[in-house]
Structures are given as C-alpha cells and as structure tokens.
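**Q** Listed here are the chains, written in short residue letters.
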Amino acid sequence: MSAAIRGAAFAIDSAAEQVLQALRRRGFEQVQVTVSDTLRCELNLAHNEPSLLRSNEARKLSATGIVAGRRASSEGSDLGPAGVAALVDQIWSSAQSAPVDEANAVSTGQLLRLRRGPQQADPPALAAALRQLLDWRAAHTPTMMIEEALAAHVRSRSHTLTSGGSVIDCELGWCEMSVFGLARDAGQTSSFNFAGGSAETLTEVPTLFGIDRMMRELTQQVHTQPLGERFVGDVVLAPGAVTDLLGWLMGQLRDSPLIDGSSLFRNRVGDRVASPLLTLRSRYDAPGCAPLSADAFVTPAVTLLDAGHLTQLTPSLYGSRKTGLAHRPVAADGWELVAGSTPLAEVIAAVPRGALVDRLSMGNPAPNGDFSGVIKNSFRIDDGQRGAALAETMISGNVAQMLDQVVAVSRERIDTGSGALPWLRIAGLHFS
Amino acid sequence: MPLAETYLETRHHELRKTRMSMLDGNLTGNLRSVQAGVSARAYRDGYWGFASAPADGADVQARVRQLAADNARTMVGFGTRTTLNLPGAHYRGDQPAQGRPALSAADCGERMAALHAHCMARYPGLRSTRVMITDEHHIKQLQTEGGGQALARIQRAAVYVVLVGQDDQGAPIELAEIISGLGSLADLDWSVPALAPALDRLHDHLQAKRHAVAARGGEHTVVLAPDLAGMLAHEAMGHPCEADAVLSGAVTADLQGRRVASDLITMVDLAHHWNGHELMCPVYVDDEGTPAEDVTMIERGMLRQFMHSRETAARLNLAPSGNARAYGPDDEPLVRMRNTAILPGSSTLDELIAGVDDGYLLLDTSNGQADATTEFMFGVNLAYEIRAGKLGRAVRDTTLSGSALKVLQSVDGVGSDMKWSCNGYCGKKQPMVVSVGGPSLRARAHLGGE
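Chains as they are written, first to last, in our numbering: chain A, 11 to 442; chain B, 87 to 536.
None of these hints come from the bench; they were simulated from the model.
All of these numbers come straight from a predicted model, not from anything done at the bench.
Keep in mind that the hints are not guaranteed to be accurate.
So, partial list: chain B residues that the calculated Cβ filter (under 8 Å) puts toward chain A [what the hints assert, rightly or not]:
# : residue
1 : ASP110
2 : GLY185
3 : ALA188
4 : GLY465
5 : GLY478
6 : ALA480
7 : ARG482
In silico EDC-like pairs for lysine to aspartate or glutamate, Cα to Cα no more than 16 Å straight-line [stated by the list, open to error]:
#  : chain 1 : residue 1 : chain 2 : residue 2
8  : B       : LYS492    : B       : GLU305
9  : A       : LYS70     : A       : GLU59
10 : A       : LYS70     : B       : GLU437
11 : A       : LYS70     : B       : GLU100
12 : B       : LYS476    : B       : ASP444
13 : B       : LYS103    : A       : GLU85
14 : B       : LYS476    : B       : ASP503
15 : B       : LYS492    : B       : ASP286
16 : A       : LYS70     : A       : ASP195
17 : A       : LYS70     : A       : ASP23
18 : B       : LYS515    : A       : GLU158
19 : B       : LYS505    : B       : ASP313
20 : B       : LYS505    : B       : GLU364
21 : B       : LYS505    : B       : ASP450
22 : A       : LYS70     : A       : GLU27
23 : B       : LYS492    : A       : GLU402
24 : B       : LYS476    : B       : ASP436
25 : B       : LYS514    : A       : GLU158
Okay, the calculated beta carbon distance ranges per label pair [as the list claims (entries may be wrong)]:
#  : chain 1 : residue 1 : chain 2 : residue 2 : range
26 : A       : ALA304    : B       : GLU196    : 41 to 49 Å
27 : B       : GLU100    : A       : VAL279    : 41 to 49 Å
28 : B       : GLU364    : A       : GLU181    : 23 to 31 Å
29 : A       : GLU181    : B       : GLU100    : 22 to 30 Å
30 : B       : HIS363    : A       : ARG291    : 53 to 61 Å
31 : A       : VAL417    : B       : ALA294    : 30 to 38 Å
32 : A       : GLU27     : B       : GLU196    : 33 to 41 Å
33 : A       : GLU181    : B       : GLY256    : 43 to 51 Å
34 : B       : GLY165    : A       : ARG35     : 56 to 64 Å
35 : A       : ARG278    : B       : ALA183    : 49 to 57 Å
36 : B       : GLU364    : A       : ALA342    : 33 to 41 Å
37 : B       : GLY362    : A       : ALA149    : 54 to 62 Å
Backbone N, C-alpha and C fix where the C-beta goes; we use that ideal spot for every residue, glycine too.
Generate coordinates for the entire structure from the input sequences, incorporating the hints supplied.
**A** In structure tokens form, the structure reads like this:
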C-alpha cells in the first residue's frame with residue numbers, strides 16, 4: 011500500500027504575518043492570527059471489513075481583532091488576497107457593532123516552537139494495525155461486529171501570532187485508532203461501545219487504548235438482566251465513565267460559570283473538593299497534545315487536584331480580566347489521574363453491592379451537579395463478585411459528591427493519549 | 087433502476103456559520119466562519135476512496151478525483167472483494183436560494199442585548215442570562231459519474247435564551263427557551279415582543295423549579311410533550327432504522343414486518359415536505375446524488391422501512407432512499423436522518439394528563455442517546471408530577487430511558503399537536519443538521535431518581 015497523500019507546500023508563517031499586518035492596517039489595536047494546515051490519512055473498516063481510504067487536506071485561518079475594546083473573530087479557508095481581504099472586512103464590520111468590553115485582550119510575549127511526533131504517514135503501518143485488529147477479532151471475539159473502526163495519521167502545522175509579540179509555531183504528528191461496535195449472538199444484541207485514542211505509533215493492537223478489553227466485554231454483554239430492585243450501592247467506574255466526572259469538574263473551573271457565578275468551586279481554591287485519593291495533573295506532552303490555550307498562552311504543567319485539594323481555577327485571559335481571578339491558562343487536552351495502589355480486581359472485590367460501569371449515558375448534569383443516567387456496558391457486582399451484564403439500569407447522584415466519595419483508585423489505567431485514567435470506586439449511588 | 091459497479095461523486099461544499107454568545111450582557115463570542123472545500127469519493131473494485139482539499143486551488147477538482155480513485159484502488163491491497171452494483175437514480179436540478187437577506191452583526195448584537203435587558207428588568211430574581219444565536223448555511227454542488235448534477239442547500243438558524251436562577255438551597259438552576267427554523271436568523275422572529283410570552287412561561291417554570299423534588303426512580307406513566315416525542319422518534323427508533331446500523335446487527339434487523347409499537351404510532355423520516363409545508367432540513371437530493379424519498383419506518387405499529395445509502399441498499403437489495411449525507415467539506419456521506427417524526431393522533435395534551443393517576447409530565451429535554459438494542463435515554467430538564475390527573479410539583483433534572491420497543495408498545499395516547507425543531511446536532515462520526523417532530527404522547531418509561 012503506497013502513501014496516498016501529498017503535503018501542502020505552504021508557508022503558514024508568512025501567511026499569518028500577512029494577515030496580522032492586514033488587520034493592523036485596517037485599524038485593529040490588538041490582533042490574534044492563527045494559520046494552520048492539517049493532513050489526514052485514514053483507513054476505515056465497516057462491518058468487519060476494510061472499506062475506505064481517506065486523504066484530507068484542510069487549511070484554516072482564524073483571526074480575532076480588538077478595536078476600542080470591541081472584539082470580533084472570523085475563520086476561513088481562503089488565504090488568497092481576496093479571501094484575506096473579505097475576512098478582514100468581516101471582522102472589522104462585526105467589531106464595530108460589538109459592545110465595548112475592557113476585558114478583551116490578546117496574549118503578549120508568548121514564545122513556543124514545538125515539533126513533536128511522526129510527521130509522515132505510514133499507510134502500510136496503518137493497514138497492518140487494522141489487519142491485526144481484524145485477525146484478533148476473528149480469533150478471540152467472533153461475535154463482535156465492528157460497525158466502524160479507523161487507523162489514521164494526522165499531521166497538523168499551526169502558526170499563531172499576536173500583536174503583543176506572541177509567536178507560537180507547532181508541528182504535531184500523531185496516529186489515531188478507534189473501534190466502535192457491538193456483539194450479536196443467537197438473535198440478541200449487546201449495547202454498542204467504543205474505544206480509541208492517540209499514540210505515536212499503532213503498535214500493540216488490540217491492547218492499545220483498552221480496545222481488547224472493550225471487545226471482550228461486549229461479547230459478554232449480549233445476554234443481560236434487569237436490576238430488578240432499587241438500592242443504594244457502589245459503582246466502579248471504568249476510565250471512559252471517569253471522563254464524564256472530570257469533564258464536569260473542569261467545566262466548573264472555566265469562564266462561563268466563573269463569570270455568571272454559578273460555579274460551585276469559585277471560592278474553593280485551596281480547599282479539599284474531592285477525595286484525597288484523587289490527583290489530577292496535566293500531561294501536555296502526550297501524542298496530539300500541546301501546551302497551549304485557545305487564547306494563545308503557553309500553558310505550564312499543572313496539578314489541578316492535589317490529593318483532592320483544588321489548586322487553582324482556569325479562567326482564560328478574558329475570564330480573568332472579567333472576574334478579577336488569577337489568570338491560569340490550561341490546555342484543553344492532556345490530563346491524567348494518578349494511579350492508585352489497588353489492583354482493579356481488589357477494587358471490585360471490595361464492593362458489597364453495585365455495578366462495574368463502563369459507560370454513562372446521561373444528559374448534562376444540572377448546574378449543581380445532580381445527575382441521573384443509564385449505566386451501559388455494565389456488570390452487576392454482589393459480594394465482590396462480578397455478575398450478569400445489566401439492562402435498563404439507572405444510577406442517580408451528584409457529581410460533586412461523587413468526586414468526594416471516591417473510596418478506591420485502581421493501579422491499572424487506560425492511556426488514550428489525551429488522557430490516562432484509572433478505575434474509581436464510588437459509594438452512595440442510587441440504583442433503579 | 088441504473089446500476090453501476092464503479093461510482094464517483096464530486097462535491098463542492100461551502101459552509102457558512104454565525105455564532106454569537108452573550109453572557110450577562112457581555113458579548114463573549116462573536117464569530118463568523120466560511121469553510122469551502124472540494125471532495126471526491128470513488129468506488130472501485132468493492133472499496134471506497136475519499137479525498138478532500140480546500141476549494142481555492144486551480145486544479146483541486148481534478149486532483150481530489152484522481153486521489154479518491156487511487157485511494158479506492160489502493161484498498162485492493164486488503165484482498166479482492168465482491169463489487170456491488172450501486173443502485174439508484176441520479177438527480178439533476180438546482181435548489182433555489184430563499185429567505186430574507188441575512189441580519190448584520192449589529193442587528194444580531196442589538197437583539198441579543200435587548201433580550202438580556204428584557205429578562206433582567208422583568209425577572210429581578212435572576213442570577214444570570216445567556217443568549218446564544220447560531221445559523222449555518224450549506225451550499226453543495228454535486229456531480230456524479232452516473233449523470234447527476236445538483237445544487238443543494240441546507241440553512242437553519244436557532245436562538246437560545248437561558249435563564250439562570252437559584253433553588254431554595256441557593257444552588258443554581260436553569261432553563262432554556264429555544265426557537266429554531268429553516269433559513270437564517272433573519273427568517274426567525276426573535277424580537278423581544280415575539281419571545282416575551284414564552285419567556286414569561288419559562289420564568290414561571292424556573293420559579294416552580296426552585297422548590298423541585300427528586301423524581302422517584304423506576305418505571306412510570308409519563309406524558310411526553312412534543313419536544314420529547316421528537317427526540318424519542320430520532321433517538322429511540324430512528325438510529326436503529328438506519329440501514330448501516332441494521333447491517334451491523336441492530337435488533338431492528340429481525341423485526342421488519344413485525345409489530346414494534348402501539349398501533350397509534352406512525353413514524354417517518356421525511357425528505358422535504360409534510361402536510362404541504364417545507365420542513366426545516368429539506369433534502370431533495372442526498373450527497374450521493376440520489377433523489378430523496380420519504381421513509382416510513384413504523385406504520386401503525388408495524389416496522390416497515392429502513393433509511394438507505396446506495397451501498398446499504400445494494401447490500402439489502404433495496405432502493406436507496408436519499409439518506410446519505412455528509413456534514414462538512416471534509417466528510418463522506420453516511421446514512422443519516424433528515425426530518426424524523428412521530429405523526430400526530432387525536433388526543434389533547436389535557437386529555438393525556440387527565441388520564442394519569444400517578445406519573446409525570448415531561449416538558450423539556452437536553453441531549454439524548456440511542457443504542458443498537460433500541461434502549462435510549464435523554465436528559466429531562468423540566469418536568470412535573472401528575473397526581474389524579476392534575477399537575478403537581480416540579481421535578482429536578484432527571485433522565486428518561488427505556489427500550490423503545492417496550493415504550494412505543496405502551497403508548498396509549500397520541501396528541502393532535504405537532505411541533506418541529508432543528509436546534510442542536512445529531513452525532514454519528516460526523517455531526518449533522520436534522521429536524522425532529524412529534525405530538526404529545528403517553529407511555530410507560532423509566533425515570534432516573536431516588
């Protein structure tokens with residue numbers, strides 16, 4: 011199989027500089043410009059068979075201008091003279107009618123040059139990864155139907171400039187793999203599930219990203235039983251479900267709830283807001299990740315939860331200037347929960363009554379953290395023993411309380427590149 | 087029906103979006119974007135190849151066509167494969183532009199500020215407001231090797247007004263009023279006078295939610311307002327009736343021609359019109375160039391048809407329905423819904439409520455999710471208890487779930503009302519603009535709670 015895509019010989023740094031100068035000439039006092047191009051080579055499976063080879067070439071120009079405290083942004087893909095002129099006029103026009111807001115500003119003095127990961131696609135390696143997956147499925151989980159799977163290489167170059175002298179240049183390359191499907195046996199079907207992530211190479215398929223575990227468990231989830239009773243018990247959340255908890259927590263630390271005052275944590279910096287077993291820290295050097303915030307700040311490594319203590323909030327520059335809170339830029343991706351010392355088998359063995367939960371299917375938690383959701387791809391636990399796969403079972407509780415009521419953290423983790431997370435045992439959930 | 091063992095489609099796709107957000111009167115988002123690209127997808131020797139690139143290169147169309155064909159041939163490295171004869175006609179025609187001239191950024195900003203000011207003045211106990219507006223316009227020029235040539239458009243807009251208050255314990259609570267429709271923001275009436283009555287009702291609900299009680303977990307009789315019935319149609323039975331899901335083993339695969347719902351239920355995925363009106367996501371031709379047809383998934387309780395692309399139709403020896411849709415310039419067509427609805431019946435909402443001795447009225451929903459088993463869930467943001475046919479206390483945010491087969495078979499009342507909406511996105515590898523519609527329904531389903 012030959013390499014199918016060709017790189018775009020395209021000078022993103024000079025393009026960014028030209029756009030920045032055009033915005034300054036138009037009259038903007040502060041400007042942020044990013045020009046990026048992305049090449050994607052992706053092999054797809056559908057219904058247990060190879061199906062499609064994709065080559066995507068994408069280009070993006072993102073620009074923000076601020077004049078007299080008025081701010082507007084625009085994005086486009088046309089970097090020709092006419093395209094740039096239209097974009098500059100669009101931003102100018104939009105900014106003129108925006109309200110004055112002295113909190114608007116762009117980054118200053120941020121310097122970074124980052125080149126990381128494989129820069130060239132290796133289609134034979136992608137094909138080999140999918141062949142390994144198909145062979146393993148046939149040998150070990152023949153009732154598994156891979157509805158769709160992909161193996162991909164992505165190369166992303168971006169160049170960001172601000173009128174405050176920030177210059178950020180990134181060339182990132184990484185590989186991706188994901189598997190989505192269900193198992194079917196004797197006329198019955200499991201729930202769907204998925205696994206995937208980013209890595210430097212796609213070796214170790216299918217153990218990579220916990221794909222083998224997900225596929226094996228799917229074949230054990232075809233025949234399910236309803237809970238049959240209501241009780242208060244424990245859950246052992248798999249890493250995918252832990253993501254939902256952390257997503258809610260990190261959302262509470264960002265601009266919107268900090269500005270409108272609805273964040274439960276705005277005044278809790280330094281307090282213990284979660285179990286002492288939880289330490290959450292950045293891993294911005296993971297495949298596909300970069301130590302950069304969306305508003306063009308280089309983000310230092312951070313431990314956000316230190317043994318359950320909240321170390322900081324994460325407002326953007328705008329959020330910080332709006333609220334008076336300290337500016338602590340963080341990147342969107344690249345986080346890990348520190349592993350515990352207890353083997354997963356012992357975490358499960360300690361549960362008197364509850365469930366091992368791989369996936370939470372639920373609406374967004376309420377602003378106060380209340381939630382209820384269906385536990386999917388889950389097994390009942392009684393007296394420390396994993397039992398039948400569950401059907402139509404819900405749990406309800408409060409996410410903030412769940413973070414506080416973590417009573418065990420597994421030694422094992424699943425590393426998906428942008429996240430490395432263990433299993434968590436949490437007490438006090440309502441099952442119905 | 088023409089059949090082809092090779093196939094090539096080329097799409098020039100321009101996607102224009104507006105996104106503005108205002109938080110407590112502060113304009114926190116003020117973004118316009120244009121993405122223009124050319125893509126090609128080729129079917130050769132039983133495999134697909136796809137390529138896309140920005141639209142501004144001189145030779146871009148020839149380059150992506152060649153690359154797509156090369157990619158398909160490269161796939162033969164996986165081994166020889168049976169080549170399907172891809173069925174279906176090839177549409178020729180242009181969908182004209184319609185609607186009012188777009189609103190300027192100044193117009194949008196003024197209206198958003200007026201809505202914020204109205205809410206803060208009229209509802210003094212509010213903690214916060216959020217106003218978000220969005221519109222997007224897809225213009226697709228499609229050519230197919232079979233002779234198809236089409237210009238298709240999807241244009242939709244939505245306005246969200248979120249009121250944030252606090253409950254009796256001081257914890258934040260919120261509710262949203264959302265209006266959406268075909269066209270741009272200029273085609274929706276989102277002026278203060280137009281929205282004021284709905285905002286008054288929303289604020290009344292927010293006050294009731296201050297003293298809300300937890301739902302009792304378990305199975306209950308529930309009356310679903312039209313917003314939830316549309317979500318039920320999309321999530322619960324819509325996804326399992328997508329033919330790629332059927333080929334993957336969704337339980338619907340074995341149920342065609344069998345009873346899956348009460349005979350009060352007829353559920354459809356409509357191409358572009360219903361009841362003489364153009365729908366919110368009108369699809370006259372899909373992104374494979376197939377003329378779009380209505381699909382009746384459930385007819386008076388019986389499972390009838392699935393939604394198809396050319397490939398799924400070939401695999402199941404059926405006709406394509408025009409459901410192959412691609413979201414962005416870099417995306418290939420997948421089997422997706424268009425305008426999915428449960429059709430109305432004859433009851434009134436009051437009659438449905440009056441018939442409940444002990445249950446819940448569910449009025450508003452957030453996100454939802456489907457499963458191949460037909461087990462579904464969606465978040466419920468606004469609900470009330472029903473006792474002896476009368477509305478009682480408001481209920482805290484909860485989740486509705488169940489097996490669609492069981493829930494739809496339990497339906498014993500369908501309202502004569504009908505509401506369509508097209509805010510939000512359906513997610514399935516790519517996002518997608520869809521609309522959902524439905525009447526009020528009464529059924530048995532599972533609520534999350536204590």
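**Q** Against the earlier hints, flag every one the structure doesn't satisfy and list their numbers going up.
**A** 2, 3, 5, 6, 9, 10, 14, 15, 16, 26 and 28
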